[in-house]
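Colleague: Each chain, letter by letter, is given below.
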Amino acid sequence: MKTTDAGPLQGGRAPSGGSAGHEVTSVGGFMKDFDWKPMALVPALALLVLPFIGSGSTWVTLTVAGLAMGMIIFVIASGLTLVFGLMDVLNFGHGVFIALGAFVATTVLGSMGDYTSSESLWRNMMAVLPAMIVAMLVAGAVGLAFERFIVRPVYGNHLKQILITMGGMIIGEELIKVIWGPLQIPLPLPQGMRGTILLGDAAVEKYRVIAVVVGLVVFGVLLWVLTHTKIGLLIRAGVQDREMVESLGYRIKVLFIGVFVVGSALAGLGGVMWGLYQQNVIPQMGAQVNVLIFIVLIIGGLGSTTGALIGALLVGLMANYTGFLVPKAALFSNIALMMAILLWRPQGVYALSK
Amino acid sequence: MLTRLLSNDFPRNRILAVVLVGLLLALAFMPFIFPGVKALNVAAKILVFVVLVASFDLLLGYTGIVSFAHTMFFGIGAYGIAIASTRMGPGWPAIATGLAAALALSFVLALLVGLFSLRVRAIFFSMITLAVAAAFQTLASQLSEVTGGEDGLTFKMPEVLSPGYQMSETPFLGVMLDGRLICYYLLFFTALALLLAMLRIVNSPFGRVLQAIRENEFRAEAIGYRVVVYRTTSSILSALFATVAGAMLAIWLRYNGPDTSLSFEIMLDVLLIVVIGGMGTIYGAAIGSGVFVIAQSYLQDLLRLGSDTASGLPWLSALLSPDRWLLWLGLLFVLSVYYFPTGVVGRLRAMRQRA
Chain A
1 MKTTDAGPLQ GGRAPSGGSA GHEVTSVGGF MKDFDWKPMA LVPALALLVL PFIGSGSTWV
61 TLTVAGLAMG MIIFVIASGL TLVFGLMDVL NFGHGVFIAL GAFVATTVLG SMGDYTSSES
121 LWRNMMAVLP AMIVAMLVAG AVGLAFERFI VRPVYGNHLK QILITMGGMI IGEELIKVIW
181 GPLQIPLPLP QGMRGTILLG DAAVEKYRVI AVVVGLVVFG VLLWVLTHTK IGLLIRAGVQ
241 DREMVESLGY RIKVLFIGVF VVGSALAGLG GVMWGLYQQN VIPQMGAQVN VLIFIVLIIG
301 GLGSTTGALI GALLVGLMAN YTGFLVPKAA LFSNIALMMA ILLWRPQGVY ALSK
Chain B
1 MLTRLLSNDF PRNRILAVVL VGLLLALAFM PFIFPGVKAL NVAAKILVFV VLVASFDLLL
61 GYTGIVSFAH TMFFGIGAYG IAIASTRMGP GWPAIATGLA AALALSFVLA LLVGLFSLRV
121 RAIFFSMITL AVAAAFQTLA SQLSEVTGGE DGLTFKMPEV LSPGYQMSET PFLGVMLDGR
181 LICYYLLFFT ALALLLAMLR IVNSPFGRVL QAIRENEFRA EAIGYRVVVY RTTSSILSAL
241 FATVAGAMLA IWLRYNGPDT SLSFEIMLDV LLIVVIGGMG TIYGAAIGSG VFVIAQSYLQ
301 DLLRLGSDTA SGLPWLSALL SPDRWLLWLG LLFVLSVYYF PTGVVGRLRA MRQRA
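Chains as they are written, first to last, in this note's numbering: chain A, 1 to 354; chain B, 1 to 355.
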């Protein structure tokens, strides 16, 4: 933290960055100085590629797929960005919770064969919901231990944080291999969630719609907690100026542990969704998804929830569009997107003033 | 003479000095002590890793920034040699062209990544390098016409360096003087020269500025050093050294593929070696690489032994399985970041100061 000299009156507003301090306003409602430009990026990207794809129905299919992927990535990234915003901790081991959630889901869903093989969507939900809840509980519990033993001793030291959390990731991945074995495990979608729905000419996979809905629910709940509860108020205040919240008598450490656990649980949930999206899980999936999440956070601005949503949707759409247009450049297109955003706003679209 | 060679940066500890001289002598006379093919391969791998890890130490230990794209530059070096040798046929011009092209590409990439990320915050650099390295690895395995894809490229070296070449009919001290031996000594002297060059860099005024930035970025900027320029220069230098290390690997193996030079596992290995060996001490890279490469086979054997004795307890046996050796290294890594962040070398040096 190097904002100590900014003073509470300035709210840590950086003099140079024009977009500084917009996080609270963008979450809190449409105020006068609302920064709308980043919001327009997602529809702009979607419309821009329409002429290249040509067929409207393909475009709808790809857009829904991109939005679904983006929502899943957002669920994973939201916890990480809050943890960073609140405590200035960048957790390189976040990927472990993704893999953990997905592997827990294979065990839970595997033991509920009666429900997953049913054609009824509601009976499927009876299996998927417990799987999600158990995955979140396990990931949250491991997150608690991770915070206590891995992260807590190195607060305030970025270099050690990167190294330690990376070490935690290695250990976590190896432990997953010990428990579930090093090989790829299939995670088939329940019967009722397979297949497609026809929207006009466009075929849309059912599961993608479900993923978008779950993602929207998570975003809605997060937004509600952040803007309409006292805890949310404290978190937002802590993101803006941690020392000030502390000096007002709130125990920011407890708050942070809570955010870390919730963030890990969300990563576990995202892991379940990602695993079902890919229909298989491998121990290395955490590290793979981590790469996407970092791109999302860099695009969105470290610490910003709305920024993470925009970044996630952009990355999801971009991955699906380029996957269709130029398959070989899929991952590279995201790097290019990130570079373009950084040229426009070097700290990400919604930069925090840190 | 010695002072100049080591840039006045002596080991400063008797045990450390003995170990270093021992390692140097062992590597120098490796072909004569253990004439086997496997021993020579292990020694060559140590040489490559010494350069790779020391160049990473320049960045992590001296400048205080973490890059996850170090294997990308390593891979660029290896692919430079591999692609040039495949396209132009074996020969010294191919090696020179490949190395020059690889160095140029590394320079441009390191400059771009540095300019994009170091301008903002050092932590951005870590995230962006992670993403760029992942993208590069995908690209390398997809451009199969150029890089050979997942299979990689097998190629030939100039006549003098190939195993078939015989310098003389009579064995010298019981060892045939063939191309392999020449190749090994080429690697040995390159590694030695590069290591001394890096010692020179970190002990120069430029190196002092890097350490100042590591200790307190704010203060360094206030004194009047352009932190961004120094950090970017450091990351470029480190990338160039890593590129040469990659070229050394390709010359020795006469093969290169994504898994040999680009994989994230190598990146983690490098990270482990630097931290366990000692950050901010180029010597730590040498000792760490030696210990690590030897342990890579030795520790696995030890674990197999433990796994067999613990076969009565399946869970313990699974934990001790030789495939899980990264688990124990990870634990060692976390513990060493907590309890001795300056690694083995830092520990040894601190011992002398107390005595």
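Worth flagging that the hints you see were computed from the coordinates, not collected in a lab. Treat the hints with caution; some may be incorrect.
[Claimed, not checked] Straight-line distance between alpha carbons at most 25 Å, and here's what the computed DMTMM-like set of lysine to aspartate or glutamate pairs gives:
1. K328(A) / D151(B)
2. K160(A) / E217(B)
3. K38(B) / D151(B)
4. K160(A) / E215(B)
5. K328(A) / D301(B)
6. K160(A) / E265(B)
7. K328(A) / D259(B)
8. K328(A) / E205(A)
9. K328(A) / E215(B)
10. K160(A) / E221(B)
11. K45(B) / D259(B)
Colleague: Which earlier hints turn out false for this structure, listed by number in ascending order?
Modeller: 5 and 9
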